[in-house]
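> Sequence:
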Amino acid sequence: MTQKKMWFLFLAVSTILLLASVACSRGGQQSSSIQIKGSDTMVNLGQAWAEAFMKANPKVSVAVTGGGSGTGIAALLSNTCDIAELSRELKPEEIQMAKSKGFDPKQITVALDGLAVVVHPANPLSQLTMEQLADIFSGRVTNWKEIGGSDLPIVVLSREVNSGTHVYFKEHVLRGGDKDSQAEFAANALMLPSSQAIADEVDQNPGAVGYYGMGYISPREKALAVAKDAASPYVQPTIDNVVSQAYPISRPLLMVTRGQPQGLVADFLGFVLSPEGQKIVVEIDFVPVKKI
Numbered sequence: 000m001t002q003k004k005m006w007f008l009f010l011a012v013s014t015i016l017l018l019a020s021v022a023c024s025r026g027g028q029q030s031s032s033i034q035i036k037g038s039d040t041m042v043n044l045g046q047a048w049a050e051a052f053m054k055a056n057p058k059v060s061v062a063v064t065g066g067g068s069g070t071g072i073a074a075l076l077s078n079t080c081d082i083a084e085l086s087r088e089l090k091p092e093e094i095q096m097a098k099s100k101g102f103d104p105k106q107i108t109v110a111l112d113g114l115a116v117v118v119h120p121a122n123p124l125s126q127l128t129m130e131q132l133a134d135i136f137s138g139r140v141t142n143w144k145e146i147g148g149s150d151l152p153i154v155v156l157s158r159e160v161n162s163g164t165h166v167y168f169k170e171h172v173l174r175g176g177d178k179d180s181q182a183e184f185a186a187n188a189l190m191l192p193s194s195q196a197i198a199d200e201v202d203q204n205p206g207a208v209g210y211y212g213m214g215y216i217s218p219r220e221k222a223l224a225v226a227k228d229a230a231s232p233y234v235q236p237t238i239d240n241v242v243s244q245a246y247p248i249s250r251p252l253l254m255v256t257r258g259q260p261q262g263l264v265a266d267f268l269g270f271v272l273s274p275e276g277q278k279i280v281v282e283i284d285f286v287p288v289k290k291i
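Counted the way numbering that gives the first Met the number 0 counts, the sequence shown spans residues 0 to 291.
Keep in mind that a hint or two might mislead.
[To be verified] Now the in silico label distances, taken between C-beta atoms and shown as ranges: (1) P274 <-> Q106: 42 to 50 Å; (2) Q126 <-> S31: 44 to 52 Å; (3) S149 <-> Q261: 54 to 62 Å; (4) G258 <-> A62: 30 to 38 Å; (5) D177 <-> A55: 44 to 52 Å.
[Claimed, not checked] Calculated pairs, DSSO-like style, for lysine-lysine (alpha carbon to alpha carbon, straight line, at most 30 Å): (6) K98 <-> K178; (7) K169 <-> K90; (8) K54 <-> K290; (9) K144 <-> K169; (10) K169 <-> K98; (11) K221 <-> K54; (12) K221 <-> K278; (13) K105 <-> K289; (14) K100 <-> K169; (15) K105 <-> K290; (16) K290 <-> K227; (17) K58 <-> K105; (18) K289 <-> K278.
Simulated from the structure, these hints should not be mistaken for laboratory data.
From the three backbone atoms N, C-alpha and C, an ideal C-beta is built for every residue, glycine too.
Turn these sequences into a full structure, and let the hints steer you where they fit.
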């Protein structure tokens, strides 16, 4: 074989190998890695699932990063992740964008969560109604003494607008589920980049009030009991109260894929919904969607 023919043969083989590599990359079913992006509420849970799955499948790599639900769906739309973690359901416009990209997004509820409203442990209040929370977070109430607390300005903390937690809290607490409501967070609310940032601020600020997924609850903050209205019982954010739907600020946690999950992604989701995967949900202080 001449040197020229050998060179063309080399190019042909290289091209075949390159095409095979592309077929096995993101969107192919032979990849040995999974990229998961999205909800900061879910990032610790996603990492725990990933670690357990990789332990059982040593040749598989699962990378989990946060950034917010909006970041997750953006990555899914741009095909830079395999699974988006969302702490809210997809918006109609996001579903349309996915279809314009050539796929129907598959939303899978993998756990449940209660949003805890937290204050500094020195705050004498231990319970509030949904209406009072709406008044506080929208800025209609600005001092704790207005609702029976200390004479101290209220410092409102929120997740930033890219967060599914922010969206859920606004729609279900500030707006009370009313689609026609235009209620927004107080103009002086501090928009923080993560649930941990809210916890850190509440830890050191006696006037602060914030919210995060109940998996972040710690003794350094006081989680308030919440009532649907003044005539209803005050309920703590606990697993049993979320399962029974007694706690009024509860939501599903979702994983979203580009169409029906297949291959390694389907295997991972099967593990997430298995008894072992749902046991991890409980260990991370969220609520399982399946009995274990």
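> Now look at each hint and say whether the structure bears it out.
Hint by hint, here is what the structure shows:
1. P274 <-> Q106: 42 to 50 Å: violated, 22 Å
2. Q126 <-> S31: 44 to 52 Å: Between Q126 and S31, where Cβ atoms are some 50 Å apart, the hint holds.
3. S149 <-> Q261: 54 to 62 Å: Roughly 56 Å apart at Cβ, these two residues keep to the hinted range, so it holds.
4. G258 <-> A62: 30 to 38 Å: violated, 21 Å
5. D177 <-> A55: 44 to 52 Å: Hint holds: Cβ distance 46 Å, inside 44 to 52 Å.
6. K98 <-> K178: holds, 24 Å
7. K169 <-> K90: holds, 14 Å
8. K54 <-> K290: holds, 23 Å
9. K144 <-> K169: holds, 24 Å
10. K169 <-> K98: Roughly 27 Å separates the two Cα atoms, so the pair holds.
11. K221 <-> K54: Since the Cα atoms of K221 and K54 sit roughly 36 Å apart, the hinted pair is violated (cutoff 30 Å).
12. K221 <-> K278: With Cα atoms ~26 Å apart, K221 and K278 stay inside 30 Å; holds.
13. K105 <-> K289: With a Cα-Cα distance of about 19 Å, the restraint between K105 and K289 holds, given a limit of 30 Å.
14. K100 <-> K169: holds, 29 Å
15. K105 <-> K290: holds, 23 Å
16. K290 <-> K227: holds, 27 Å
17. K58 <-> K105: holds, 26 Å
18. K289 <-> K278: holds, 9 Å
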